[in-house]
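S.K.: Listed below are the residues making up each chain.
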Amino acid sequence: MNAPPDPQDRAPAERQGFWKRFSNSLDAGRQAYVADLKEVFGRAALDAAFWDDLEATLIAADKDLAAQMDARSRDLNLEGAPAVVLVVGVNGSGKTTTIGKLAHLLRREGRRPLLAAADTYRAAAIEQLRLWGQRAQVDVIAHQPGSDPGAIAFDAVQAARARGANPVIIDTAGRLHTRTDLMEELRKVRRVLQRLDPQSPQEVLAVLDAHVGQNSAQQVKVFQEAIGLTGLAVTKMDGSARAGVVLSIEAELSVPVKLVGIGEGLDDLNRFDPGEYLDALLRMEEAT
Amino acid sequence: MFESLTERLDQALKKLTGRGKLSEADVDAGLREVRLALLEADVNYKVVKDFVASIRTRAVGAEVMDSLNPGQQIVKIVDEEMVRLLGDRAPMTYAPSPPTVIVLAGLQGSGKTTTAGKLALFVRREGHRPLLVSTDVRRPAAMEQLEVLAKSINAPAYAPRGTDPVKIARDSIAEARRVNADVVIVDTAGRLQVDEDLLIELKAITDAVPSQHRLLVLDAMTGQQAVNVTSAFQQTISLSGAILTKMDGDARGGAALSLRAVTQTPIQFVGVGEKLTDLEIFYPDRMASRILGMGDVLTLIEKAQDQVDASQAQAMEKKLRAGRLTLTDFMEQLKQVKKMGPLEGIIGMLPGAGKIKNLAGALPDDDQLKQMEAIILSMTPTERERPETIDGSRRRRIARGAGTDIAAVNRLIKGFQQMQQMMKQMGKGRGIKGLPFDPAQLLKG
Chain A
1 MNAPPDPQDR APAERQGFWK RFSNSLDAGR QAYVADLKEV FGRAALDAAF
51 WDDLEATLIA ADKDLAAQMD ARSRDLNLEG APAVVLVVGV NGSGKTTTIG
101 KLAHLLRREG RRPLLAAADT YRAAAIEQLR LWGQRAQVDV IAHQPGSDPG
151 AIAFDAVQAA RARGANPVII DTAGRLHTRT DLMEELRKVR RVLQRLDPQS
201 PQEVLAVLDA HVGQNSAQQV KVFQEAIGLT GLAVTKMDGS ARAGVVLSIE
251 AELSVPVKLV GIGEGLDDLN RFDPGEYLDA LLRMEEAT
Chain B
289 MFESLTERLD QALKKLTGRG KLSEADVDAG LREVRLALLE ADVNYKVVKD
339 FVASIRTRAV GAEVMDSLNP GQQIVKIVDE EMVRLLGDRA PMTYAPSPPT
389 VIVLAGLQGS GKTTTAGKLA LFVRREGHRP LLVSTDVRRP AAMEQLEVLA
439 KSINAPAYAP RGTDPVKIAR DSIAEARRVN ADVVIVDTAG RLQVDEDLLI
489 ELKAITDAVP SQHRLLVLDA MTGQQAVNVT SAFQQTISLS GAILTKMDGD
539 ARGGAALSLR AVTQTPIQFV GVGEKLTDLE IFYPDRMASR ILGMGDVLTL
589 IEKAQDQVDA SQAQAMEKKL RAGRLTLTDF MEQLKQVKKM GPLEGIIGML
639 PGAGKIKNLA GALPDDDQLK QMEAIILSMT PTERERPETI DGSRRRRIAR
689 GAGTDIAAVN RLIKGFQQMQ QMMKQMGKGR GIKGLPFDPA QLLKG
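Going line by line, the protein sequences match chains A and B.
Mapping the first sequence onto the working numbering, position 190 (from 1) lands on 190, and the numbers just tick up by one.
Throughout, the working numbering is defined as the position within the second sequence, counted from one, plus 288.
Simulated from the structure, these hints should not be mistaken for laboratory data.
Check before you lean on any hint, since a few could be wrong.
[Unchecked claim] Examples of chain A residues toward chain B, derived with CB under 10 Å: (1) 100; (2) 125; (3) 134; (4) 137; (5) 224; (6) 238; (7) 263.
None of these values were measured; they are calculated from a predicted model.
Beta carbons are placed, not taken as given, at the ideal position from N, Cα and C, and that holds for glycine.
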């Protein structure tokens, strides 16, 4: 089996700073939004339709800039022997890709992560994580398709202890938050981890697709109630100026955004920095 | 699906249906609520504006205001306008000279590969021979994923490694001839609507192979971006339709309601679950009546006819009429209901379903069904036929045999007796044709 081409190869010359790339990627979406606002404000009369449209434009932007992004802790808690990062989310939000990139990020910081392929449901999900493991040069613990996710989590923690790896990052199958039975499966994985170490999992990250609108809040709420979240990873931030809903979620449900992803390359994940994010969002002279 | 929108619209419209006469101000107040409900459901604001305006124009006309029940008239208008918004049915068509080529495109994680597998199963059920083709050379293991799906339904797959997507697409026609397939389903890599390089690649893929269908696969939970995404793909490859995925979640309907109106792209299928059989044809009228809480009895009947063995159903019906239901039958029924998919989905199709809250907790889940089966299998044939003979010591024995406690056995027997009672009351066939019983009745028990 041959490894697919690394998307990084697409434009090696253009490897810029992460937030600069993020800002560039926003232009198309942001321009559309600014155009909508301009249309609303450019009218002659401030009639009822004006206020209706203004309200609608603001709702459409999914954006609540007033959302407080106060000094929340956005650091990943990786204290443990090993620390465990459990990654959850709905189908197609980008869990496996985020884990591959996170493994690379942590390795560059001098850590030795170990990946656990606990998505035993989706076809070839294990294979996908293995390939990311190769790219990021980290080991992957996997069983057969259809096997018990809890057992894989258990084996991965044991393997990390034996090899001195830290942290263990666990990939789980995508599950719509409306599936109560699958939420129970996640709780079981958590119970297994807690039996090995009461502090575990140190991090439970929900992966959110930035293209999902108002539904994100519901997703976070349900995952939060089912297993308790320590943070969010927002993916596919490129191309969407309207990820502001994530910030309202942070304010409303008190789950901090810890990671953002802007592409499919190894380097396209970073820790979330509110200052840089707002700067990138508000660099209006480029959009207008 | 769309429960929260259904609930909000129901509240908004109740204000109009609850009274005899309506003033223009009443109508405006009601429509404002409708408007907010739609905006909160992520429906595109221009769509909402036009939608509400056209309802208002029709609703304040003399014909409605002076009618006996203006509220009902308005609900009817909302229903009609919603059907119009959702567009016409876009039936699946096949090329007169095979192969029929279907290209699937969309954002990362929208569900293209899974949908390709579902679509293969769908066309095969229509009597065709699909070939699954992967041009996704980018995402790790995307090709393996398609191959695994193909294998699970015994369909051929074409996913050559180490070549470029355009060549794979071009060569897929020859491959289809070789394996004697008459429908070619081309899966493509996920790409963002703002990624120009990849949109150009997508265009090249569709140029390389003549396609009857170019379908956008879109996550039903997509927010306000749905319109931008669709427009970008529309401009690139002139979409013939769209497939909305993950409709089994609690998406609010924004994507479904905005797509057609803004981009003229008809919705062709909806994905309603993780299994490969979970793909449904999209019917705008049925969807509108589901959104308005009027249920979708037609789809329910079709599902029942698909899944329930007709002769079995007839035998069951006879027993029911005679009031001679046994625990073995009870078990059979639960299994048949299970075959139709998650109970929540079935209930969602019943009229007024939006009003039943917290259903999930009230329904037996897979584990409970397994336990019920174990209990019934631990009974002697006589006990299954005549549950009234099960006394205390028999209950103890059954509980031990099923590895559970007496309380669980008691619950099952009690539930069964209640159902038997209900069936007798139902008397002469008021149930849905094809279903041996009325699921709504069963669940009240």
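S.K.: Run every hint past the structure and note whether it holds.
M.R.: Verification of the hints:
Hint status for residue 100/A: holds, given a least beta-carbon distance of 8 Å to chain B, under 10 Å. Here the hint on residue 125/A is kept, as its CB sits about 8 Å from the closest CB of chain B, short of 10 Å. Annotation: residue 134/A was flagged as interfacial toward chain B, and the flag holds, the nearest CB pair being 9 Å apart, inside 10 Å. The interface hint given for residue 137/A is violated, since its Cβ lies 14 Å from the closest Cβ of chain B, which is over the 10 Å cut-off.
For residue 224/A, the interface hint is violated, since its Cβ never comes within 10 Å of a Cβ in chain B; the closest pair sits about 15 Å apart. A hinted interface residue such as residue 238/A counts as satisfied when its beta carbon comes closer than 10 Å to some beta carbon of chain B; here the least separation is about 6 Å, so the hint holds. Given hint, residue 263/A at the interface with chain B, holds; its Cβ is 9 Å from that chain's nearest Cβ, closer than 10 Å.
Of the numbered hints given earlier, the model fails hints 4 and 5; all others are met.
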